[in-house]
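Student: Single-letter residue listing:
Protein chains: 4
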Amino acid sequence: MMSLRNAALAKPQPKTESKSASLRDRLIETRALSTELASPLSDEDQVVQAMDDASPTKWHLAHTTWFFEAFVLKRFLPGFRVFDERYEYCFNSYYESVGPRHPRPKRGLLTRPSGEEVRTYRASVDEALDRLLDQALAPEAAELVELGINHEQQHQELLLTDILSLFASGPLKPAYRQAGPGVGGSEAAPLSFVSFDGGIFDVGHEGAAFAYDNEGPRHEVLLRPFKLATRCVTNEEWIEFIEDGGYRTPTLWLADGWNMVQSQDWQGPLYFEAAEGGYLQMSLNGFRPVDPAAPVTHVSYCEADAFARWAGYRLPTEFEWEVAAASVPLQGRTLGEGHLRPMPASPSVGLQQMFGDVWEWTGSAYLPYPGFKAAPGAVGEYNGKFMCNQFVLRGGSCATPDGHVRRTYRNFFYPHQRWQFMGLRLACEA
Amino acid sequence: MMSLRNAALAKPQPKTESKSASLRDRLIETRALSTELASPLSDEDQVVQAMDDASPTKWHLAHTTWFFEAFVLKRFLPGFRVFDERYEYCFNSYYESVGPRHPRPKRGLLTRPSGEEVRTYRASVDEALDRLLDQALAPEAAELVELGINHEQQHQELLLTDILSLFASGPLKPAYRQAGPGVGGSEAAPLSFVSFDGGIFDVGHEGAAFAYDNEGPRHEVLLRPFKLATRCVTNEEWIEFIEDGGYRTPTLWLADGWNMVQSQDWQGPLYFEAAEGGYLQMSLNGFRPVDPAAPVTHVSYCEADAFARWAGYRLPTEFEWEVAAASVPLQGRTLGEGHLRPMPASPSVGLQQMFGDVWEWTGSAYLPYPGFKAAPGAVGEYNGKFMCNQFVLRGGSCATPDGHVRRTYRNFFYPHQRWQFMGLRLACEA
Amino acid sequence: MMSLRNAALAKPQPKTESKSASLRDRLIETRALSTELASPLSDEDQVVQAMDDASPTKWHLAHTTWFFEAFVLKRFLPGFRVFDERYEYCFNSYYESVGPRHPRPKRGLLTRPSGEEVRTYRASVDEALDRLLDQALAPEAAELVELGINHEQQHQELLLTDILSLFASGPLKPAYRQAGPGVGGSEAAPLSFVSFDGGIFDVGHEGAAFAYDNEGPRHEVLLRPFKLATRCVTNEEWIEFIEDGGYRTPTLWLADGWNMVQSQDWQGPLYFEAAEGGYLQMSLNGFRPVDPAAPVTHVSYCEADAFARWAGYRLPTEFEWEVAAASVPLQGRTLGEGHLRPMPASPSVGLQQMFGDVWEWTGSAYLPYPGFKAAPGAVGEYNGKFMCNQFVLRGGSCATPDGHVRRTYRNFFYPHQRWQFMGLRLACEA
Amino acid sequence: MMSLRNAALAKPQPKTESKSASLRDRLIETRALSTELASPLSDEDQVVQAMDDASPTKWHLAHTTWFFEAFVLKRFLPGFRVFDERYEYCFNSYYESVGPRHPRPKRGLLTRPSGEEVRTYRASVDEALDRLLDQALAPEAAELVELGINHEQQHQELLLTDILSLFASGPLKPAYRQAGPGVGGSEAAPLSFVSFDGGIFDVGHEGAAFAYDNEGPRHEVLLRPFKLATRCVTNEEWIEFIEDGGYRTPTLWLADGWNMVQSQDWQGPLYFEAAEGGYLQMSLNGFRPVDPAAPVTHVSYCEADAFARWAGYRLPTEFEWEVAAASVPLQGRTLGEGHLRPMPASPSVGLQQMFGDVWEWTGSAYLPYPGFKAAPGAVGEYNGKFMCNQFVLRGGSCATPDGHVRRTYRNFFYPHQRWQFMGLRLACEA
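Residue numbers (my numbering), protein chains in the order written: chain H, 7 to 436; chain F, 7 to 436; chain B, 7 to 436; chain S, 7 to 436.
Because the hints were derived from the structure by calculation, they are not lab data. Among these hints, one or two may not hold up.
Stated by the list, open to error - Calculated lysine-lysine pairs in the DSSO-like style (CA-CA distance at most 30 angstroms, straight line):
| id | chain 1 | residue 1 | chain 2 | residue 2 |
| --- | --- | --- | --- | --- |
| 1 | B | Lys391 | S | Lys233 |
| 2 | B | Lys80 | F | Lys80 |
| 3 | S | Lys391 | B | Lys391 |
| 4 | S | Lys379 | S | Lys179 |
| 5 | F | Lys379 | H | Lys233 |
| 6 | H | Lys179 | S | Lys80 |
| 7 | S | Lys379 | B | Lys379 |
| 8 | H | Lys179 | H | Lys379 |
| 9 | H | Lys112 | S | Lys179 |
| 10 | F | Lys391 | F | Lys379 |
| 11 | F | Lys379 | F | Lys80 |
| 12 | H | Lys391 | F | Lys112 |
| 13 | S | Lys179 | H | Lys80 |
| 14 | H | Lys179 | H | Lys391 |
| 15 | B | Lys391 | B | Lys112 |
| 16 | S | Lys179 | B | Lys233 |
| 17 | H | Lys391 | F | Lys233 |
| 18 | B | Lys233 | S | Lys391 |
| 19 | S | Lys112 | S | Lys80 |
| 20 | F | Lys112 | B | Lys233 |
| 21 | B | Lys112 | B | Lys80 |
| 22 | S | Lys379 | S | Lys80 |
| 23 | F | Lys112 | F | Lys80 |
| 24 | S | Lys233 | S | Lys179 |
| 25 | S | Lys179 | S | Lys391 |
| 26 | S | Lys112 | H | Lys112 |
| 27 | B | Lys379 | F | Lys112 |
| 28 | F | Lys112 | F | Lys391 |
| 29 | H | Lys233 | F | Lys391 |
| 30 | S | Lys112 | H | Lys179 |
| 31 | H | Lys379 | H | Lys391 |
| 32 | H | Lys379 | F | Lys379 |
| 33 | F | Lys179 | B | Lys112 |
| 34 | B | Lys379 | F | Lys179 |
As the list claims (entries may be wrong) - Some chain S residues flagged as far from chain B (calculated, every beta-carbon gap over 12 angstroms):
| id | residue |
| --- | --- |
| 35 | Arg30 |
| 36 | Ser45 |
| 37 | Pro145 |
| 38 | Tyr182 |
| 39 | Gly383 |
Even for Gly, the Cβ is constructed at its ideal location relative to N, Cα and C.
Excised from the complex, chain H in its bound form (with noise of 0.2 angstroms):
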């Protein structure tokens, strides 16, 4: 199988925001990447989960294209037909709207149908999609094909993370894919700042561009003056936090964090553990020395808080982020660089690392903006019921497909949650 990199070489480079690769084009391409990025994985592999969060690739496979098929092809599809009846109780995740289905937990018992089948199935609404686009396409549908694709993206980084947190959870602990060689042994940029003016400012998308229905209203802000850090930070300096008895002092932590470090004996970030000479953390690569110069990953809100006060600093608002993001190119190592883990910044100036390697912890609660209401129908449900107890993060991962990303983009995850590509970014009063 060609792998991911070679993939990503072998293609024409993809054109982040272009609007010349057709909407068809987008959505085969996205198509075949979750299957390529289920291909080095066994049916075994593919159909457990490790744990309530995480759902197994299979799923995955399965419920991105229930997704099309329910919202697209039943709808715009003329004499389209279900593939199986009982897909829509198996692979709906949380559309209540749509009808009951079976319980988060116990997505991983789900042998049957089978990996094959789901494949079958896969290539089945593959067809129908085809189909349906060799029409004239309404725009609505058009809209809601261009919602399955980027919904399918978000799908093969979460393929990803659950994968991770699958084979983190055994004690033979393998690669999804061996690392290329060498980089490793890197020195970090030292950390420095660059200062932003404050003001009112114009945040969140507008336009006839695709975004999630979370991301407007476009909406003025009003932020002081701040400062943000060039690069994010990096596991020596995590490290120095936990040797300097960063998770051992209670003042440091939100109560609820201080609850999770001693409910779960946190000592480090998630798969980080202690061995002679050093740390080592499971990777998308393996189990793996850390590379004190990449950005520290797997860290929850709580522990992006409590680094902050340890080091003197706090995290960024959302809006002070995306302000800052506005002025560098919408570019960085996501998911077709194939590192599929943080890389160290380069030493040059300016902000770095702003978009890929590690989504960023900012300081904002994951909120409506003003004027802000759901789409009607179960698309509705697909962003606003969750503005709730989450915190919101920036700038997409190593883990995130080519130009899923944007500066408006906001991902959100509960304060506890640690087992995304995850890290932080510092900030300051200017």
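Starting from the structure of chain H, add chains F, B and S where the hints point.
Tutor: Leaving out everything else, chains F, B and S in the frame of chain H:
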């Protein structure tokens, strides 16, 4: 015993926010009020804890006393010796800096020290505070006494809501105090809205008067034009929500809220019970028919949010609320009124019920204001460490001691909690 | 108040199993003893429940009263009216036939009815019982009064072990009663064994005297020759087990026991704490140094079984115990002795400590005897429905009311429970 | 692939308890049968674990292999090297003496080693066993091979009941194997009883033939005259129990059973579902109408006990069962028959179904026989450490490998467990 209502009548009327009442007078009054609030309760009533979130009355009485002992007397009264060294372990609430403490869910097991011993403890500390206040007080000491007064006022409110949770837990459903001669049968003023202009506003506390650290720094916020309901949502409106299937319609709910509805079998506000011909609700006046015109109370953030969505409105942000509150006098039906439950709005023009009756959920997550820094030492644990996963409530309730609440006051609870006097006021875009 | 010990001295010595004491006298004595046992406790102490298995003192006082009301007075006293109809819901323990009841883990929330009301309730029911016993009593009524006496005696023992669980749960560790002038420093008699022949033996209760239904029918059992230790296992022996790594050696344990060791972090008997120079254990006489010569107490079946395996012995069966007990007088250090904790065996020859001091775990599962049928109606729920997952203990303890235990008496608890006065005696094949 | 049924036909009929089959032949047959039982299952089916009590097929295949490696090959085959040192951690079940192991509830996460690797592991160990058996075998080695055969047979039964728990957990409810051409619609033989005399009987295993340690020592028991039903309780009888309100009548139940009924919402046997016009039950032949004449299966001890009480009978003791079993040939519908579900009794005279069809719950707690000593070392953990909280079942089931069960065989499960082929036979006093 003189009833609270009578006490309020007999005493000179509390001058809210008056600076004329001396610190010493306010200390004495506050300490006396705690004792008075406990007086209708037997020692048995005072020792038990109905749920993890609640604390026993005796514990409140002792903890507020320990607060003065630990943070004021030990530091500022020469020669002071603590009443009993073991009490710090018993009655420290959550101050990690101070040391280990009795586990919160086991506060209700502390039959020793006895109620009588705790009363002696209070008297002993009161006497020492008296000696301290005989002297010229260092500014820091005065600030900490002020903090201790406000801290004790917060516990007075908790004492009442916690005893309600106890009295609601058993089959006998006693009244904390019988209701005064009836009001009831009232009709609510029709729902109407007041419009506010957008713009840049200053919010947060500034100046020499006491405020909690989480109310500052004062800073600018940018608001869009908005409308705010003239009164709180009533029981009658909430019953309409219930009877329209509000608790059975997942699309109205945040995902975390719907989980609560299902796992906790929520079918109405806390303490609500459907009965023939209407609804009853447990209250500090016993188990009573719900007053349709009174503000709904004991609803969670998730319920308030679902109601607002059902009604076609939203919750105000905490800053909208604060800006609107600038236009009305700082007065309302707080504890001194003696109702012990929220009362219907009067049919006047303009904003009603902004203070007192029920705490009003806002749509704002409880987060630090720009530039916020927690105070050093244990009192720095007072507010800042809870800035995660909670939402802000504004305005005080029928159980808030007179003079305690401010326009800038930020109360905060988890979005699933309901045992406080929590209600809501609707808002929308202008 | 007259102490228990003095009460025992002042009163005519209880004639165990004597038939001369009239039913009425024994009823009065039993009812009075409950009140006396509660008298060192404040109303606060009496209302709280330290764990699900335990009940508050007030609840014991009320439940035993309700038992007479529900099963005797309502049926046999013409014109009787219950004291308060709501009490059946409050104070029914587990009689499904009688109707719904307050949940067991919430017994400690019943601050109402108050202690004073429960005392009035007791007096009222006592007065009604007095009237009932003025008349000639139907045989069935007499049997139920007898059952009520024995039932209340069981609750007297629970009252003491439950209050110990409460007093052990807090930091102040008060004594229920101060110990009398010391014994202590004693040395245990060396471990020796008495041999018994095998054969067919009659076991179980028969005849007119009172016994619980689970003690019959009397039936034959076949025993092999066996040896029984002359005394119970001592603290000194148990400490040797601890210090030999008994709690860290999985092969000594039943699987369910090892699970408890690990999940509950058992490192010694309940209430044991290692201290400089020895061990302390919470007791009804307060937190005290362990007496090496006294029987170990507050050990579970799983611990007793592991100890026996470590020591190279086994637990006796309940029938071995019963056959051996036939050879010794039915007397021992039960409640009337006033020790309130197990005392060292005297250095005499032959079986010691068969009655009183500690209940002795046997290796017999608690199962029905051949031909056992539970009584019809609610009293049939008394014993039979617990014949699953529990083990039999024999012989009574230092907290068992005088005259309550019999040679055929079968006490039973789950194999992980430890809060009763539970110890063990070793046995082996002859 | 040759079906199990055909395999049984094609092969020489298994001679149960025959001594003529050599150890080697039986080893080969047993090892082959495991592979054959797994063969209808995909690698996906084989890796997943539906509940904590169950294990994945792959884990069974690997664990039984590890058993030979750890207990036989490492000790007795010179020069033997383990296949992969990490497998001991993965595939040790509960042998504390051997060392740490992968947590039981996470066995279903072991996607690595793969199914293919486990098959290679099996082949490698089979080859080593072959080499071992080429030599003259030390008696201890032969005993351990025999134990390994019997151990693997037990796991064959678990493999089937565990895969049933998996297939029942999802919405598709696949058959492990389609049922053969129908029987069904049958009518059960009327309930009748066989009488047995009382007396002293020898029970338990003795002699050179293989038996588990828990079957001995052989010893005398004293029985009273009793009657035993000629056949097992049928589905038809059980449905009568359901429809008479058996699951809603607390007085029929042991307290622990009633807790299960309420907390788990038991309304019938495991996998039972009420449907229009009757009941369906998931089985290894798929989701099928219940056969009224077939033995009820998948009922817990608590249910069996409640049913017997409702019917006016009781469960037999394990010794009554064993004594009765002496009168019938050691044969029945075990795995080789190929039914994979219990079948109706034939209308013959005398005891039917004593072996095969369903394991029969007895009223005997699983306890050691007089004089029982566990073997030293890890194999001593095989049975003895489970002698707490479990009940004995007798007679084997439709999933028990041919030749595995004995008259003295003691199976044991917790009284709430139901996922095995568990049924019951009624008994009463003569």
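Student: Hint by hint, say whether it matches the structure.
Tutor: Results for each hint:
1. B:Lys391 - S:Lys233: Holds, because 24 angstroms separates the two Cα atoms, which is no more than 30 angstroms.
2. B:Lys80 - F:Lys80: violated, 61 angstroms
3. S:Lys391 - B:Lys391: Holds, because 26 angstroms separates the two Cα atoms, which is no more than 30 angstroms.
4. S:Lys379 - S:Lys179: It is violated: about 44 angstroms lies between the C-alpha atoms, which goes past 30 angstroms.
5. F:Lys379 - H:Lys233: holds, 17 angstroms
6. H:Lys179 - S:Lys80: The hint holds at about 26 angstroms.
7. S:Lys379 - B:Lys379: violated, 35 angstroms
8. H:Lys179 - H:Lys379: violated, 44 angstroms
9. H:Lys112 - S:Lys179: holds, 14 angstroms
10. F:Lys391 - F:Lys379: Holds, at roughly 11 angstroms.
11. F:Lys379 - F:Lys80: holds, 25 angstroms
12. H:Lys391 - F:Lys112: Violated - the C-alpha atoms of Lys112 of chain F and Lys391 of chain H are around 35 angstroms apart, more than 30 angstroms.
13. S:Lys179 - H:Lys80: holds, 26 angstroms
14. H:Lys179 - H:Lys391: violated, 36 angstroms
15. B:Lys391 - B:Lys112: The hint holds at about 22 angstroms.
16. S:Lys179 - B:Lys233: violated, 57 angstroms
17. H:Lys391 - F:Lys233: It holds: about 24 angstroms lies between the C-alpha atoms, which stays within 30 angstroms.
18. B:Lys233 - S:Lys391: Holds. Lys233 of chain B to Lys391 of chain S sits at ~24 angstroms (cutoff 30 angstroms).
19. S:Lys112 - S:Lys80: Measuring from Cα to Cα gives roughly 27 angstroms; hence the hint holds.
20. F:Lys112 - B:Lys233: Given that 30 angstroms is the threshold and the Cα spacing comes to 46 angstroms, the pair is violated.
21. B:Lys112 - B:Lys80: OK: Lys112 of chain B and Lys80 of chain B at ~27 angstroms, within 30 angstroms.
22. S:Lys379 - S:Lys80: holds, 25 angstroms
23. F:Lys112 - F:Lys80: holds, 27 angstroms
24. S:Lys233 - S:Lys179: violated, 40 angstroms
25. S:Lys179 - S:Lys391: Violated, at about 36 angstroms.
26. S:Lys112 - H:Lys112: This hinted pair holds, its Cα atoms lying about 14 angstroms apart.
27. B:Lys379 - F:Lys112: violated, 42 angstroms
28. F:Lys112 - F:Lys391: holds, 22 angstroms
29. H:Lys233 - F:Lys391: Between Lys233 of chain H and Lys391 of chain F the Cα gap is close to 24 angstroms, so the pair holds against 30 angstroms.
30. S:Lys112 - H:Lys179: Within the cut-off at roughly 14 angstroms; holds.
31. H:Lys379 - H:Lys391: holds, 11 angstroms
32. H:Lys379 - F:Lys379: violated, 35 angstroms
33. F:Lys179 - B:Lys112: holds, 14 angstroms
34. B:Lys379 - F:Lys179: This hinted pair is violated, its Cα atoms lying about 41 angstroms apart.
35. Arg30: holds, 32 angstroms
36. Ser45: The assertion about Ser45 of chain S holds, with a minimum of 33 angstroms to chain B.
37. Pro145: Nearest chain B Cβ is 24 angstroms from Pro145 of chain S, so the label holds.
38. Tyr182: holds, 30 angstroms
39. Gly383: Violated, since 9 angstroms does not exceed 12 angstroms.
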